[in-house]
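Now for the letters of each chain:
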Amino acid sequence: MFKGLSLFFILLLSLSAHAETWPAEQWSQGPKITGPALESLETYAFPTRDDSTRKGIRTDALLVIRDGQLIYERYAGPTSADTPHLTWSISKSLMATVLGVAYGEGLFSLQDPAVKFYPALENHPAITLADLLHWASGLDWQEDYEYAPLKSSVVAMLYTLGHGNMAAFTAGHDEYAAPGQAFRYSSGDSNLLSAALKNIVGPRRYPDYPWTALFEPLGIRHAVWETDATGTFVASSYAYLTARDLARIGLLMARDGRWGDRQLLPKDWVAFNRKPFAGYRAHQDTAVPGGQWWLNRAVDGAAQPWPDAPADTFAALGHWGQALYVIPSENLVIVRYADDRDGSYQHNELLKRALKAFAGKVQP
Amino acid sequence: MSGFVRRRPFSTLLLLLLIAMLGWIWQERVALWAFPDIISAYTAKEYCSCRYVMNNDAAYCRGYVKQWLPFSGFSDDEASKHVTVSGMGRSNSASWVGERQGCRLVP
Chain A
0 MFKGLSLFFI
10 LLLSLSAHAE
20 TWPAEQWSQG
30 PKITGPALES
40 LETYAFPTRD
50 DSTRKGIRTD
60 ALLVIRDGQL
70 IYERYAGPTS
80 ADTPHLTWSI
90 SKSLMATVLG
100 VAYGEGLFSL
110 QDPAVKFYPA
120 LENHPAITLA
130 DLLHWASGLD
140 WQEDYEYAPL
150 KSSVVAMLYT
160 LGHGNMAAFT
170 AGHDEYAAPG
180 QAFRYSSGDS
190 NLLSAALKNI
200 VGPRRYPDYP
210 WTALFEPLGI
220 RHAVWETDAT
230 GTFVASSYAY
240 LTARDLARIG
250 LLMARDGRWG
260 DRQLLPKDWV
270 AFNRKPFAGY
280 RAHQDTAVPG
290 GQWWLNRAVD
300 GAAQPWPDAP
310 ADTFAALGHW
320 GQALYVIPSE
330 NLVIVRYADD
340 RDGSYQHNEL
350 LKRALKAFAG
360 KVQP
Chain E
0 MSGFVRRRPF
10 STLLLLLLIA
20 MLGWIWQERV
30 ALWAFPDIIS
40 AYTAKEYCSC
50 RYVMNNDAAY
60 CRGYVKQWLP
70 FSGFSDDEAS
80 KHVTVSGMGR
90 SNSASWVGER
100 QGCRLVP
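Here the protein sequences line up with chains A and E, keeping their order.
The opening residue of the first sequence carries number 0 in numbering that gives the first Met the number 0; numbering runs sequentially from there.
The opening residue of the second sequence carries number 0 in numbering that gives the first Met the number 0; numbering runs sequentially from there.
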């Protein structure tokens with residue numbers, strides 16, 4: 000009897016360990032966290048905000064999901080839980096996730112030449128979709144803005160010479176390296192992926208595809224994705240989601256592309272997203288590029304970019320401090336929206352304080 | 000020629016600089032011609048999205064799009080959600096397209 004009872008409890012324990020919480024129409028609320036660790040996080044993320052000088056750390060939203068439940072949420076400035084906030088370059092990782100659904104439909108393979116789906120790349124026939132996902136097209140792109148506006152490819156693409164057809168503007172660049180060899184962060188590469196998607200899924204499905212493939216299955220109701228004049232999604236920059244909705248993408252990624260009992264993204268797709276690009280050299284960027292996601296991995300002789308976070312941490316990052324951090328080993332997803340106009344904000348510092356406040360409280 | 004250089008070293012230097020500058024201008028003519036559009040196009044597009052996609056109030060969005068370069072004219076037609084900005088001798092407009100597509104620069 001006693002033996003049977005203990006077996007029952009072991010079963011019960013293992014059941015509860017495997018019971019997963021998923022958001023329904025709303026996130027379910029987890030246990031409320033308080034204490035000095037949380038205060039330290041808030042001191043860092045929410046200092047007094049000065050909208051006239053726009054100096055320092057200016058967090059618009061900070062939201063934390065643990066074990067599939069909302070355990071922390073705070074908004075500042077004009078942003079609220081209902082604001083579809085500009086994600087800037089988080090859009091790139093979102094487009095990769097949309098592409099992952101198409102990949103799961105068997106519509107393309109990673110080694111397919113991009114020109115197969117985007118004929119305007121006829122002068123660059125060797126670029127594969129994997130190269131674009133690695134920001135390794137070899138196209139001579141200048142990502143710097145603000146400091147070098149005359150030579151900035153991205154400013155010209157978004158606002159002047161390229162805004163009507165951003166992928167064609169990118170395809171018009173010369174090559175500086177053989178495709179697939181070298182990393183150079185490029186918003187152009189991401190928009191070539193968006194243009195390729197048009198023929199991958201077909202022009203009829205394309206205008207609704209991010210919604211039908213990704214947003215609707217995840218229960219995301221308020222996504223906006225701006226296009227250029229040809230109707231191509233601006234995958235580099237212009238997706239807008241509420242913080243709560245962006246966290247759903249994070250949970251999908253934290254759970255290896257699975258949403259409930261549906262494997263929305265093939266596991267090998269997520270593995271590709273999370274594998275460091277071999278052509279990346281130490282300190283080329285603030286984190287290590289995978290397939291349109293940023294990784295906290297020690298590669299090429301350099302230390303982890305965020306030493307106070309676990310090595311399995313990965314992120315989607317955008318201009319002015321936008322971030323979606325995913326930490327599968329801690330079952331954590333963190334969304335941060337911001338309007339940082341200087342370089343004060345440090346990913347590692349936020350992660351360090353967030354982990355102190357939220358990590359390892361439920362798992363035995 | 001070498002006599003001219005010796006007699007007029009400064010004029011020669013200035014002449015060379017002028018030639019180099021003209022060469023640079025010619026080489027960068029496309030980027031230079033597009034450059035004055037940046038401030039008005041940026042302001043029109045990002046204001047439109049701040050106001051009509053993110054649904055922030057007008058005063059906040061005016062501050063949000065402020066850059067080190069000033070713009071001169073600004074008009075926002077709230078009824079048609081159409082924003083026009085001028086600066087550096089150019090004018091650009093952005094318009095709200097729809098619930099899913101947000102704002103876009105008008106060609």
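Hints are not guaranteed to be accurate.
To be verified - Computed spacing ranges between beta-carbons, pair by pair:
no., chain 1, residue 1, chain 2, residue 2, range
1, A, P216, E, I24, 40 to 46 Å
2, A, A23, E, S71, 30 to 36 Å
3, A, F45, E, A58, 48 to 54 Å
Unchecked claim - BS3-like, lysine-lysine: derived pairs with alpha carbons at most 30 Å apart:
no., chain 1, residue 1, chain 2, residue 2
4, A, K54, A, K355
5, A, K197, A, K54
6, A, K150, A, K31
7, E, K65, A, K150
8, A, K54, A, K115
9, E, K65, A, K54
10, E, K65, E, K80
11, A, K197, E, K80
12, A, K266, A, K351
Claimed, not checked - Here's a subset of chain A near chain E, in silico, CB distances under 8 Å, partners left out:
no., residue
13, H84
14, Y237
15, Q283
Keep in mind the hints are simulated off the structure, nothing from the lab.
Predicted, not measured: the structure shown is a model, and the values here were computed from it.
All residues carry an ideal CB built from backbone N, CA and C; glycine is no exception.
Hints, one by one, checked against the model:
The given range of 40 to 46 Å is broken by A/P216 and E/I24, whose C-beta atoms sit roughly 53 Å from each other. Checked against the given bound of 30 to 36 Å, the beta carbons of A/A23 and E/S71, roughly 51 Å apart, lie outside it. Between A/F45 and E/A58, the C-beta spacing of about 22 Å breaks the proposed range 48 to 54 Å. Distance check on the hinted pair: A/K54 and A/K355 sit about 26 Å apart at the alpha-carbon level, within 30 Å; holds.
With a C-alpha separation of about 40 Å, the suggested pair A/K197 and A/K54 falls outside the 30 Å cut-off, and the hint is violated. Simply put, A/K150 and A/K31 have alpha-carbon atoms about 49 Å apart, too far for the 30 Å limit, and the pair is violated. Using a Cα cut-off of 30 Å, the hinted pair E/K65 and A/K150 holds, with the two alpha carbons roughly 21 Å apart. For the proposed pair A/K54 and A/K115, the alpha carbon gap of about 46 Å is over 30 Å, so the pair is violated.
This hinted pair checks out: E/K65 and A/K54 have alpha carbons roughly 14 Å apart, not beyond 30 Å. With a C-alpha separation of about 19 Å, the suggested pair E/K65 and E/K80 falls inside the 30 Å cut-off, and the hint holds. Of the supplied pair hints, the one linking A/K197 and E/K80 holds, its CA atoms being roughly 28 Å apart against a limit of 30 Å. Between A/K266 and A/K351 the alpha-carbon distance is near 28 Å, which keeps this suggested pair within the 30 Å criterion.
Of the supplied interface hints, the one on A/H84 holds, with its beta-carbon coming within about 6 Å of a beta-carbon of chain E, less than 8 Å. For A/Y237, the suggested interface contact is upheld, since its CB lies about 7 Å from the closest CB of chain E, less than 8 Å. Given hint, A/Q283 at the interface with chain E, is violated; its Cβ is 25 Å from that chain's nearest Cβ, farther than 8 Å.
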